[in-house]
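There are 2 protein chains.
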Amino acid sequence: MPMLLRTLGIVLLAGWLGLPASAQEEALPSWNDGAAKSAIVEFVDAVTAEGGADFVPVEDRIATFDQDGTLWVSHPLYTQGMFALDRVVALAPEHPEWKDQEPFKSVLAGDREAMARFTEQDWAKIIGATHAGMTTEQFRKIAGDWLANAEHPRFKRPYTELVYQPMLEVMNYLRANGFRTYIVTGGGQEFVRIYSEQVYGVPVEQVVGSSIATRYEYQDGEPVLMREPKVFFIDDHAGKAIGINLFIGKRPYAAFGNSGGDREMLEWTGAGDGARLMMLVLHDDAEREYAYGPANGLPDTKVGAFSQELMDEAKQKGWLVISMKNDWKTIFPEGAR
Amino acid sequence: MPMLLRTLGIVLLAGWLGLPASAQEEALPSWNDGAAKSAIVEFVDAVTAEGGADFVPVEDRIATFDQDGTLWVSHPLYTQGMFALDRVVALAPEHPEWKDQEPFKSVLAGDREAMARFTEQDWAKIIGATHAGMTTEQFRKIAGDWLANAEHPRFKRPYTELVYQPMLEVMNYLRANGFRTYIVTGGGQEFVRIYSEQVYGVPVEQVVGSSIATRYEYQDGEPVLMREPKVFFIDDHAGKAIGINLFIGKRPYAAFGNSGGDREMLEWTGAGDGARLMMLVLHDDAEREYAYGPANGLPDTKVGAFSQELMDEAKQKGWLVISMKNDWKTIFPEGAR
Numbered sequence: 001m002p003m004l005l006r007t008l009g010i011v012l013l014a015g016w017l018g019l020p021a022s023a024q025e026e027a028l029p030s031w032n033d034g035a036a037k038s039a040i041v042e043f044v045d046a047v048t049a050e051g052g053a054d055f056v057p058v059e060d061r062i063a064t065f066d067q068d069g070t071l072w073v074s075h076p077l078y079t080q081g082m083f084a085l086d087r088v089v090a091l092a093p094e095h096p097e098w099k100d101q102e103p104f105k106s107v108l109a110g111d112r113e114a115m116a117r118f119t120e121q122d123w124a125k126i127i128g129a130t131h132a133g134m135t136t137e138q139f140r141k142i143a144g145d146w147l148a149n150a151e152h153p154r155f156k157r158p159y160t161e162l163v164y165q166p167m168l169e170v171m172n173y174l175r176a177n178g179f180r181t182y183i184v185t186g187g188g189q190e191f192v193r194i195y196s197e198q199v200y201g202v203p204v205e206q207v208v209g210s211s212i213a214t215r216y217e218y219q220d221g222e223p224v225l226m227r228e229p230k231v232f233f234i235d236d237h238a239g240k241a242i243g244i245n246l247f248i249g250k251r252p253y254a255a256f257g258n259s260g261g262d263r264e265m266l267e268w269t270g271a272g273d274g275a276r277l278m279m280l281v282l283h284d285d286a287e288r289e290y291a292y293g294p295a296n297g298l299p300d301t302k303v304g305a306f307s308q309e310l311m312d313e314a315k316q317k318g319w320l321v322i323s324m325k326n327d328w329k330t331i332f333p334e335g336a337r
Numbered sequence: 001m002p003m004l005l006r007t008l009g010i011v012l013l014a015g016w017l018g019l020p021a022s023a024q025e026e027a028l029p030s031w032n033d034g035a036a037k038s039a040i041v042e043f044v045d046a047v048t049a050e051g052g053a054d055f056v057p058v059e060d061r062i063a064t065f066d067q068d069g070t071l072w073v074s075h076p077l078y079t080q081g082m083f084a085l086d087r088v089v090a091l092a093p094e095h096p097e098w099k100d101q102e103p104f105k106s107v108l109a110g111d112r113e114a115m116a117r118f119t120e121q122d123w124a125k126i127i128g129a130t131h132a133g134m135t136t137e138q139f140r141k142i143a144g145d146w147l148a149n150a151e152h153p154r155f156k157r158p159y160t161e162l163v164y165q166p167m168l169e170v171m172n173y174l175r176a177n178g179f180r181t182y183i184v185t186g187g188g189q190e191f192v193r194i195y196s197e198q199v200y201g202v203p204v205e206q207v208v209g210s211s212i213a214t215r216y217e218y219q220d221g222e223p224v225l226m227r228e229p230k231v232f233f234i235d236d237h238a239g240k241a242i243g244i245n246l247f248i249g250k251r252p253y254a255a256f257g258n259s260g261g262d263r264e265m266l267e268w269t270g271a272g273d274g275a276r277l278m279m280l281v282l283h284d285d286a287e288r289e290y291a292y293g294p295a296n297g298l299p300d301t302k303v304g305a306f307s308q309e310l311m312d313e314a315k316q317k318g319w320l321v322i323s324m325k326n327d328w329k330t331i332f333p334e335g336a337r
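Chains as they are written, first to last, in the numbering used here: chain A, 1 to 337; chain B, 1 to 337.
Each hint should be verified, as a subset may be incorrect.
Some chain A residues close to chain B (C-beta under 8 Å, calculated; not the full set) [claimed, not checked]: (1) 45; (2) 193; (3) 248.
FYI, nobody ran anything at the bench for these hints, they're computed from the structure.
Think of the CB as a built atom: it goes at the ideal place given N, C-alpha and C, for glycine as much as any other residue.
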């Protein structure tokens, strides 16, 4: 019966629909019973219990989610990286010089080994050539068209279907309990905003991400925002805590990540008073998704690494590790494909 | 009775209860009948009429408000400027060298003529010395204490009481009609967030403003955000359109300003399709508040100038000018002092 009192939204909904109390336990149907699922439910119970020591007013119920590797697939490469590489190929006819210029040459040659060795400077050149020199509206159109047509090389589905069903359930469960769910991503803010509402139910104003500078200018007498090949803000590592303060202005009560870039976001969240929930997704399921660490002896990776150092810190600070293999009944939404 | 209808809940109630349209006109009791008041009511009618040509879904109902001179008094100086000057005086004992160093010397001498001639570089030095070198939490405490105790030199009231009652009514009226009201200010984002909820009913995450850089570091093992003497973002002129895209990601349907710094925000808003409302407050009431332009032959000013050029553009583009003297029955909330 106490379960009934767990949440405002769910209780109300259950009331309207006449659902039994057990329906609320089913808010996380894709989660196996275990420490991770229990931690989520217990946290929500604590912060929504009126009069309880850990009660949090609705206006302060903020939860932040990293995207790549936390909400959707980020291997073999970040989706936005895939987009950038495809754009290099699409734009190549306008840039004959790229045939002889790195890093474009390797991209056009499809040289995966060379691409795997790309430095940050290489990527900056690729992003500058593919993400700037157009208006914000033109960019949304180009990236939106790509997202509608591109397929993941292994799963042969649109990237926007390769989201983690258990995490969608956590977002819904938190929202049903009065939380606002923010995406706080190292990826491009403007890129993620294209599909955040449709895919995650997160409105564009709740997407905090990295951005390049924009310039206000005129085209045919109308004002436009022109995207410039110049970094404005990097929302990664300490930038995530800075970005949260800048864009949200409130400290989250719950934060979810999967790699070293999320460390400071979890630390910043955990430094607040009262009940806080910090969780990290561990990709330990090569069969259904991917397996990489290098924590826990899993294979190392350059894309979204979860180091042993981060694992040790998580244990020491009480950040909960979600095992994809053991905690999740399913990985992707069933309806998709 | 009309007082009853002033607020959000009540106006919504009026809709549910099928109350007559006149009830909605009473949402703006401090406004005299005229073009400005009519424009607001007609705009709201147009964007909320389901099935109408100008209907706007609730999730897109965004209204942006400049603060200084649009929502509260900004003469003889911006409130945050007053705070900075008071901080120079408060910090002077720790900086004996300021006695001989401009611009601090003039501030400490109370030399108003010299202060009136301060350049942007002078102000940058003052802001750097008074707004940086502390954590975000320390800054909120310092500025919050000042706001609780400072008084406006002419009106002898706390600055937070010197808000425009007619504009509070517009914000409430828009919110009652499904709008989210954002403050988009050239002033400091962190400064305005201290009182935005209490004074305007605007949550901190809906305050977009200028900011300095912050650095993630540790004090006694706890993470803090240290404010650095380095400009990060100037939310003024074109920066207001850029800031709206960056922080909100949606084009506003209504925008309110009072000076040249708001020009691009109104232009950006007006460049969208469908019904849009762009308004500028003209300070033409020396008796009850202040009178300055230099538009319409009013006295010139260095603080929040409304140029004749802006007035001409407003007429040409259909931006409505609000005459403080003629359109507003009252200026400040009655309850205050």
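Results for each hint:
Among the interface hints, the one on residue 45 of chain A is violated; its C-beta lies about 25 Å from the nearest C-beta in chain B, farther than the 8 Å criterion. A hinted interface residue such as residue 193 of chain A counts as satisfied when its beta carbon comes closer than 8 Å to some beta carbon of chain B; here the least separation is about 5 Å, so the hint holds. This hint holds: residue 248 of chain A has a C-beta 5 Å from the nearest C-beta of chain B, less than the 8 Å allowed.
Of the numbered hints listed earlier, the single one contradicted by the structure is hint 1.
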